[in-house]
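Protein chains: 2
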Amino acid sequence: MSENKIPYKIYLSEEEMPKAWYNLRADMKNKPAPLLNPATHQPMTREELDGVFCDELVQQELDDTTPYFEIPQEIRDFYKMYRPSPLVRAYCLEEALGTPAKIYYKFEGNNTSGSHKLNSAIAQAYYAKKQGLKGVTTETGAGQWGTALSMACGYLGLDCRVFMVKCSYEQKPFRREVMRTYGASVTPSPSETTNVGRKILQEHPGTTGSLGCAISEAVEVATSTPGYRYVLGSVLNQVLLHQSIIGLECKTALDKYGVKPDIIIGCAGGGSNLGGLISPFMGEKLRGEADYRFVAVEPASCPSLTRGKYAYDFCDTGMVCPLAKMYTLGSNYIPAPNHAGGLRYHGMSSTLSQLYDDGLMEAISVKQTDVFKAAEQFARIEGILPAPESSHAIKAAMDEAMKCKETGEEKTILFGLTGTGYFDLVAYQKFNDGVMDDYIPTDEEIAKSLEMLPKVD
Amino acid sequence: MSENKIPYKIYLSEEEMPKAWYNLRADMKNKPAPLLNPATHQPMTREELDGVFCDELVQQELDDTTPYFEIPQEIRDFYKMYRPSPLVRAYCLEEALGTPAKIYYKFEGNNTSGSHKLNSAIAQAYYAKKQGLKGVTTETGAGQWGTALSMACGYLGLDCRVFMVKCSYEQKPFRREVMRTYGASVTPSPSETTNVGRKILQEHPGTTGSLGCAISEAVEVATSTPGYRYVLGSVLNQVLLHQSIIGLECKTALDKYGVKPDIIIGCAGGGSNLGGLISPFMGEKLRGEADYRFVAVEPASCPSLTRGKYAYDFCDTGMVCPLAKMYTLGSNYIPAPNHAGGLRYHGMSSTLSQLYDDGLMEAISVKQTDVFKAAEQFARIEGILPAPESSHAIKAAMDEAMKCKETGEEKTILFGLTGTGYFDLVAYQKFNDGVMDDYIPTDEEIAKSLEMLPKVD
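These protein sequence lines map, in sequence, to chains A and B. Here the working numbering = 1-based position in the first sequence + 735. Here the working numbering = 1-based position in the second sequence + 735.
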């Protein structure tokens, strides 16, 4: 094992790190559908978006032709503090499974935020700072994004106001405390501090909140407070652009050793990691230079790609955000309370939705008990305690590796290990205690939730 | 900043990783005092120790002349999963402090156990497995060591029984859950499962336990259960031997860039990190090849080096372990309940105690509110949320850097960043809420605790 030429972990040098983000949309024949104004159903203009997002981020959001955006030096310096992330050859996992497959994973959890979210958080905070803003607002569910943004803002001296889904706020006091340590203010959502929060509380007293709710509150504060803008950790084109650093590093590392993956697997919630991981590889496929299988893995309890509808939908509960065309389960869809696996968003990045609709990417869904079983196995073999989100990809990668064992094929599998599970131990405890179960929504439930779709011609 | 030749993080390649541990004792003129049989006060023989520890570990424990021990290939393979750990040049911290000092830290927290403890855990578990044992027992306080041992045992398929100090067991359910995820059984100590536990509970009903208590229970189970041995995460010579990997990697990394540290700083509880970090540098000093300043940093609430006595003492509360000569506060010493900074052990590694007594190393103590203040500042500037333990070294390193700012000296400071604080957020919350305070024991308290020292001629 140790004589193998490929090391356990491939680290790029600072010089080898990407100097530009890759904009996948530039190579897409069918571009992702534009965001629409929720009132007029006309494409959002740059001016309309400028009130919500920072100027340069709006430019990145709307540009679907420029293939590369240079990464500003200040962001590259920040990246150097925690990147390059290691590309790991899973020798131990291969041996434990007895598979002829070669398994690689890109580990994005080796930073205090515990996930890949920091890649876009520092970019968004940087542009806000550059524009002379005082601060940013955002929402967070499980807390990965809120933590990442707090770190980025703490580093740049920018005010950071986080609306945290109330049930997470109460169940994950430690996530909250990390954000506070980085200087962020954290408010449980829905709250009495916004109009939309008060309205939701009046209509649903005692609600424990949802991501859609928290987005509405964060957007309201950003658009009504001078010197503030809203930032978001997934779904948006700009986020996928920043996250392309994941895939670009992977590709450089694999190219150094002449390795070409057959299958590329990523977990899929809003699409930030998956979109970033696959981007340079998908670019090659779109340009006809190479072919790969891409697999999106989503939870069976929140199956937007595999069971949702491709349509324009609201991005938030309060319906204050632009409409996005995406695979969606309806903006009111909330996974069952027993769902502990993350990836809870009702929709999927427009870019990934378009690629999926064009048949360029596959999607599967997996049950959470299977996900946690794979997570525990992985933790014991590879030493890393994975986030539940990431474990969706682990489960799919292990299944593919076992298929190779049956067929004898020596496929090369690459998956994204997006983060660590240090703040998800309530979920692990449920699994360890044998009290975790699965929930799969009925067709009727999904159909009912989809009744709320806006009527867009 | 980015033009500097030294990268933000220096990673060794797999080929550059150390192939042998360095045994500092081989170069010590005054050897550390031997362990004594608590009944006869005679040096413990190999045969006596064989009942407690694995055979090869006993050999490592007693050998103070062999300078290098080859690291078995299986352990080197495991090391490759999470090592080499990065040696970080703290460019951002230097800039924020405005100091001419050059600051480096060796970051040992980039693994699921969250600390350097894994370096010795895998070694001890490996030798137990090699000897054909069924399992190992141990104690854990804050939980870093227990987590590390669980990971090592999970990887090797070895049974792992952890006695966890009861107050930690209750306050840190997530630590407990990580250990369970890795397959360990975790028992709150003192427990009804051992004679010594029942005795302590009878004498001190309602006690929330101590490290000394948990050690006694773990040793009792190991010595009374066929196929089991006891393992320990600090204090012992064998642990310092395994932890020498920290210092060896540091030295190789610094040598690559022609950097020689002036000051080497480590936090000090039982001495596992400090001993490992300084070992190759101290070796040079002992051999007269180079000179360095070494600084041990301990909590003001548990000041064994700075205010303890250099004497033979019990290692555990139940007095079942061998006696060790060390700087000690007395085996009944327990830091005040408000102490949240870790490093709670009453004594200090015999090796480090001897070096300190010989004037080869300095020691200082710091107050925990100052430690957390430094921790928060560091987190925001360098991005890493440090463990409270590690933050003692951060505080001292920042103070040294500020002295350089006053004098204009461009000193090179190296410190050990032993771990991350993901499981210490109750303590951070206290600090964030402004309700953390300091406790410094009075001379009378320490004198009273030292009355319990055994009478050794």
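Heads up, some of the hints might be wrong.
Computed list of lysine-lysine pairs in DSSO-like fashion (alpha-carbon distance at most 30 angstroms, straight line) [claimed, not checked]:
1. A:Lys865 with B:Lys740
2. A:Lys1108 with B:Lys1138
3. A:Lys815 with B:Lys837
4. B:Lys1140 with A:Lys864
5. A:Lys740 with A:Lys1165
6. A:Lys815 with B:Lys1108
7. B:Lys740 with A:Lys744
8. A:Lys1138 with A:Lys1108
9. A:Lys754 with B:Lys744
10. B:Lys991 with A:Lys865
11. A:Lys740 with B:Lys991
12. A:Lys744 with B:Lys754
13. A:Lys815 with B:Lys865
14. B:Lys815 with A:Lys837
15. B:Lys740 with A:Lys991
16. A:Lys815 with B:Lys744
17. B:Lys740 with A:Lys864
18. B:Lys1108 with A:Lys901
19. B:Lys1060 with A:Lys1108
20. A:Lys837 with B:Lys744
21. A:Lys740 with B:Lys1138
22. A:Lys991 with B:Lys991
23. B:Lys901 with A:Lys1108
24. B:Lys744 with A:Lys991
25. B:Lys995 with B:Lys901
26. A:Lys1146 with B:Lys1108
27. A:Lys754 with B:Lys901
28. B:Lys865 with A:Lys837
29. A:Lys901 with B:Lys1165
30. A:Lys1165 with B:Lys869
31. B:Lys744 with B:Lys754
32. B:Lys740 with A:Lys754
33. B:Lys740 with A:Lys740
34. A:Lys864 with B:Lys1108
Reference listing, derived: stretches of chain B covered by chain A, where coverage requires no fewer than 3 residues with Cβ under 8 angstroms from a Cβ of chain A [claimed, not checked]:
35. 797-805
36. 828-840
37. 867-880
38. 885-894
39. 1109-1123
Please keep in mind that the hints were generated in silico from the structure rather than gathered at the bench. Ideal placement from N, C-alpha and C gives every residue a C-beta, glycine not left out.
Checked hints:
{"no.": "1", "hint": "A:Lys865 with B:Lys740", "result": "holds (28 angstroms)"}
{"no.": "2", "hint": "A:Lys1108 with B:Lys1138", "result": "violated (53 angstroms)"}
{"no.": "3", "hint": "A:Lys815 with B:Lys837", "result": "holds (17 angstroms)"}
{"no.": "4", "hint": "B:Lys1140 with A:Lys864", "result": "holds (29 angstroms)"}
{"no.": "5", "hint": "A:Lys740 with A:Lys1165", "result": "violated (41 angstroms)"}
{"no.": "6", "hint": "A:Lys815 with B:Lys1108", "result": "holds (25 angstroms)"}
{"no.": "7", "hint": "B:Lys740 with A:Lys744", "result": "holds (23 angstroms)"}
{"no.": "8", "hint": "A:Lys1138 with A:Lys1108", "result": "holds (18 angstroms)"}
{"no.": "9", "hint": "A:Lys754 with B:Lys744", "result": "holds (18 angstroms)"}
{"no.": "10", "hint": "B:Lys991 with A:Lys865", "result": "violated (37 angstroms)"}
{"no.": "11", "hint": "A:Lys740 with B:Lys991", "result": "holds (23 angstroms)"}
{"no.": "12", "hint": "A:Lys744 with B:Lys754", "result": "holds (18 angstroms)"}
{"no.": "13", "hint": "A:Lys815 with B:Lys865", "result": "violated (41 angstroms)"}
{"no.": "14", "hint": "B:Lys815 with A:Lys837", "result": "holds (17 angstroms)"}
{"no.": "15", "hint": "B:Lys740 with A:Lys991", "result": "holds (23 angstroms)"}
{"no.": "16", "hint": "A:Lys815 with B:Lys744", "result": "holds (8 angstroms)"}
{"no.": "17", "hint": "B:Lys740 with A:Lys864", "result": "holds (28 angstroms)"}
{"no.": "18", "hint": "B:Lys1108 with A:Lys901", "result": "holds (29 angstroms)"}
{"no.": "19", "hint": "B:Lys1060 with A:Lys1108", "result": "violated (47 angstroms)"}
{"no.": "20", "hint": "A:Lys837 with B:Lys744", "result": "holds (28 angstroms)"}
{"no.": "21", "hint": "A:Lys740 with B:Lys1138", "result": "violated (47 angstroms)"}
{"no.": "22", "hint": "A:Lys991 with B:Lys991", "result": "holds (23 angstroms)"}
{"no.": "23", "hint": "B:Lys901 with A:Lys1108", "result": "holds (29 angstroms)"}
{"no.": "24", "hint": "B:Lys744 with A:Lys991", "result": "holds (20 angstroms)"}
{"no.": "25", "hint": "B:Lys995 with B:Lys901", "result": "violated (44 angstroms)"}
{"no.": "26", "hint": "A:Lys1146 with B:Lys1108", "result": "violated (51 angstroms)"}
{"no.": "27", "hint": "A:Lys754 with B:Lys901", "result": "violated (51 angstroms)"}
{"no.": "28", "hint": "B:Lys865 with A:Lys837", "result": "holds (29 angstroms)"}
{"no.": "29", "hint": "A:Lys901 with B:Lys1165", "result": "holds (22 angstroms)"}
{"no.": "30", "hint": "A:Lys1165 with B:Lys869", "result": "holds (28 angstroms)"}
{"no.": "31", "hint": "B:Lys744 with B:Lys754", "result": "holds (22 angstroms)"}
{"no.": "32", "hint": "B:Lys740 with A:Lys754", "result": "holds (18 angstroms)"}
{"no.": "33", "hint": "B:Lys740 with A:Lys740", "result": "holds (28 angstroms)"}
{"no.": "34", "hint": "A:Lys864 with B:Lys1108", "result": "holds (25 angstroms)"}
{"no.": "35", "hint": "797-805", "result": "violated (count 0)"}
{"no.": "36", "hint": "828-840", "result": "violated (count 0)"}
{"no.": "37", "hint": "867-880", "result": "violated (count 0)"}
{"no.": "38", "hint": "885-894", "result": "holds (count 3)"}
{"no.": "39", "hint": "1109-1123", "result": "holds (count 8)"}
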